[in-house]
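2 protein chains.
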Amino acid sequence: MRDNKIHLYDTTLRDGTQGEGISLSVEDKVKIAIRLDQFGMDFIEGGWPGSNPKDMAFFDRMKEMKLNHARIAAFGSTCRPNVAADEDANLRALIDSGVTVATIFGKSWDLHVTEALKTTLDENLRMVGDSVRFLKANGLTVIFDAEHFFDGYKNNAAYAVSVLKAAEEAGADWVVLCDTNGGSLPDEVFTIVSAVVPQLAVPLGIHAHNDGELAVANTLAAIRAGAMQVQGTVNGIGERCGNANLVSVIPNLQLKLGYSCVSEENLGQLTKLSRYVAEIANMSMPNNQPFVGNSAFAHKGGIHVSAVLKNPQTYEHMEPELIGNRRRVLVSELAGQSNLLAKADELNVSFDQEKAESREMIKLIKEREYQGYQYEGAEASLSLLMLEGTGKLNELFSLESFKIFMEKSPERSILSEAMVKLNINGQIMHTAAEGNGPVNALDHALRKALENHFPCLGEMHLTDYKVRVLDEGEATAAKVRVLIESARNGEKWSTVGVSTNIIEASWEALVDSVRYLLWKEGCEAQEPEIQGELKVGIANH
Amino acid sequence: MRDNKIHLYDTTLRDGTQGEGISLSVEDKVKIAIRLDQFGMDFIEGGWPGSNPKDMAFFDRMKEMKLNHARIAAFGSTCRPNVAADEDANLRALIDSGVTVATIFGKSWDLHVTEALKTTLDENLRMVGDSVRFLKANGLTVIFDAEHFFDGYKNNAAYAVSVLKAAEEAGADWVVLCDTNGGSLPDEVFTIVSAVVPQLAVPLGIHAHNDGELAVANTLAAIRAGAMQVQGTVNGIGERCGNANLVSVIPNLQLKLGYSCVSEENLGQLTKLSRYVAEIANMSMPNNQPFVGNSAFAHKGGIHVSAVLKNPQTYEHMEPELIGNRRRVLVSELAGQSNLLAKADELNVSFDQEKAESREMIKLIKEREYQGYQYEGAEASLSLLMLEGTGKLNELFSLESFKIFMEKSPERSILSEAMVKLNINGQIMHTAAEGNGPVNALDHALRKALENHFPCLGEMHLTDYKVRVLDEGEATAAKVRVLIESARNGEKWSTVGVSTNIIEASWEALVDSVRYLLWKEGCEAQEPEIQGELKVGIANH
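Read top to bottom, the protein sequences are chains A and B. The opening residue of the first sequence carries number 1 in UniProt numbering; numbering runs sequentially from there. The opening residue of the second sequence carries number 1 in UniProt numbering; numbering runs sequentially from there.
Derived from the structure by calculation, the hints contain no laboratory data. Some hints could be false.
[Said to hold, decoys possible] In silico BS3-like cross-links for lysine-lysine, where the CA-CA straight-line distance does not exceed 27 Å:
#, chain 1, residue 1, chain 2, residue 2
1, B, 421, A, 403
2, B, 310, A, 154
3, A, 256, B, 421
4, A, 31, A, 63
5, B, 66, B, 272
6, B, 154, A, 154
Chain A extracted, bound-state conformation (with noise of 0.2 Å):
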């Protein structure tokens, strides 16, 4: 039988920049590149050094990197029609940029090659064989990429089959089946895999893309015809509609399936990679992500709740802990009593379990959300409102008044100003600050008003800002939520605001996450003047 490990090749940081909206620095590729080798990938792609300067300038960077387990791959083209392979200068730059591995891709859709190439199916054969060859003379493991592998062998399957042979006698350690064009069905992948892998004798990989929302199916059916190495990507980012997503696919073959792809330690570290690759790419994640989205396992329906706590297994199709996720509860209109004192378990906030107080809870949130509130998206909010139904919460601040003033005339942009007085533990501050709009504005004022008396509050920022009109039929009277996501050291929390009037809803939404961050750090009021004095004095010991 053959070997059960299955080998990964990622290409986030070459195929995964193709992606429209995708663009990494020399700085963030490494980043990455170091990331993906804690993992557990095999290969790593970081780029074709022959097409562009920032290429070659990671690959630079990575020579002076010790990688634990990964190798990385320069990835290139066979050598042109008519030209020897020794004389490609894109076969050189491949050798130059110091990697171990090549990764070539050549035509085997005969179209292509007439079309595209407009050479003969011959001359082909010898760019193939001719490049593998020169590439494994200077030392080099070589990854022969058969592009639109699939579509070739639907229209022409024995010269689709010669052009993988070519590679093969050439001495290509690995020959992967590209369905470059995304289009192919899993039963069609199953079926040329199975027909192609008792012709070979090199291991076949398989790099599949998402046009018809079946990568990851295409990915698992050339395995399970044979094919022992995964390309794809993290988030399955790419060109169109993507690679196939390493994210989904490692879990599938190795908790379902029974394949090894990487330590069982490190699978449990999936969540966080993907959520750091998307941080470093500035991609939003969508909450839906399979495994590793925030609602991947997240039971709103009662039903669901009550049974998901008794037997996990009766609504979720695996244990979130294998590959670092969470479940979660959430609260919403359909809620009753069990999710609420799950909820106020998961989020640490030590609630009175007699009924009463539950009862009253519950029926607030449901009042809340009544009114537009929504706290399934905003766990920050609902924590502090459940520690206020307890009386635990110590409010360090309170609002005075706030006024904002906006000024527009055709010359000039518009002009937003806030002024914010607060009352901190009987002191008023009372400052003013400009934003780019009325909400950055008053965001500005806040944290000017707070920040002496709370230093922590220094490192948080605001990194997402939604809002959504609720009866929408009203028009601009319609009432408006707003979500406020924060951040401070990697970690994030949510809140929100309804309001008829946008800015009352933004304010609530900005104070809870600023609320939310004093009470989890347990903070409290310093007296800035005093704190300096401390300083001083501190510093003269």
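Chain A is already provided as a structure; the job is to place chain B on it using the hints.
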């Protein structure tokens, strides 16, 4: 051979709303239902009438509607253990909802029967049979959803199938196999459905969830094995990781596998349907969404672009026009002139067909879209832009300045006042108004400044106001897009504004909504005093 038609069962309005952060008003649901019907869905599941008043209100509203093709279905469960079907309030609510199709779910996993329902396997069969019989006796079409069927089958195949048979024998019109936890793999689904098909005469459906990123593949596998109904949601929204995405399932079935789902013409509306539902639900559509995403047929790399322009088949798995999407070339601007002229024609803007002028216009529109404008949902603003480009727009007023003042103190609800200074034919109109938010105050002040000169504006009102935050990572300093819908005498039009400042974006959309009406009606400014005298004069005749 079996029928080639696959029946589409849309549950966007029921299972879709279980998705985290998704909340639809009754009117939202009605709008979506009408659109789903136009698209050609066979069944539209509207909600669970027993569970909350909002769903009941939806079914009441739908009684007034005349649909083209679809049948509205109501969702519920079987009767409870030891309760007769005709005494079960939940089943009665299905009948009272006035629909002709009832979908009830029942347990088909023995573990759930004994652990969650706390009853016997036989009593569960009784509940399924009696519930189906009761609904059939009341003249309904009955669809039985076998919850957790695949997990149940793996645990106890004989019992799982006996549940399906109980539904069949009681007269169910459809039996639907649900992968409730979303953890099944495509070949498991294929194998199990293939085993079940010969055991039943009733047609089968498939209901898949996306927890393994395999919902589309699992759905296709079930159809390939003999199922004839697909349950899913638009854009795959739903609990946890969502349901099978009909927007991907339909083109795979119809264009790749040769099944028949909707008419060719309706399939061409797929992209619009997807975006419409996203808009109403206020979800941001991922650019890389398969088939319908903005990037789904976008070509970035130089090699791809030149090849795809010679022969689209080289880098596209299908023609984007078949599903109403379009090819985009991200580096250069090649497409569009014919689109633009067609659009101008459609919008009744007489547009000079001189090449240079239309190229300028394409460039301008692309620039504005790059800045964040979106003209698909704001055709009135697009008309104004085109009219400006041709120099045919007569501006009837201009802004001198506006100011907004807001004040908040703990005792009082927030005060919002706006002052607007306009120049109308050289006459300065300076007005002030309050509102229950800054935009509402601005709207009031703007109309007050205009209405004496332009009496037709009196009948105009705003019907919708939407805010979308672009570049969400920037939080409160992010760009926002405001969409406003206005109406007058039953006619509606939409406008757009974009700015980092929400007030400025709203102002832009507000002003466009007025400018559009004035242009459309061919208004000219009237001198308010003279108008008053004339009216008196006419009245005296």
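Consistency of the hints with the structure:
1. 421/B <-> 403/A: holds, 22 Å
2. 310/B <-> 154/A: holds, 21 Å
3. 256/A <-> 421/B: violated, 67 Å
4. 31/A <-> 63/A: Status holds; Cα separation ~14 Å.
5. 66/B <-> 272/B: holds, 22 Å
6. 154/B <-> 154/A: violated, 35 Å
Going through the hint list in order, the structure does not satisfy hints 3, 6.
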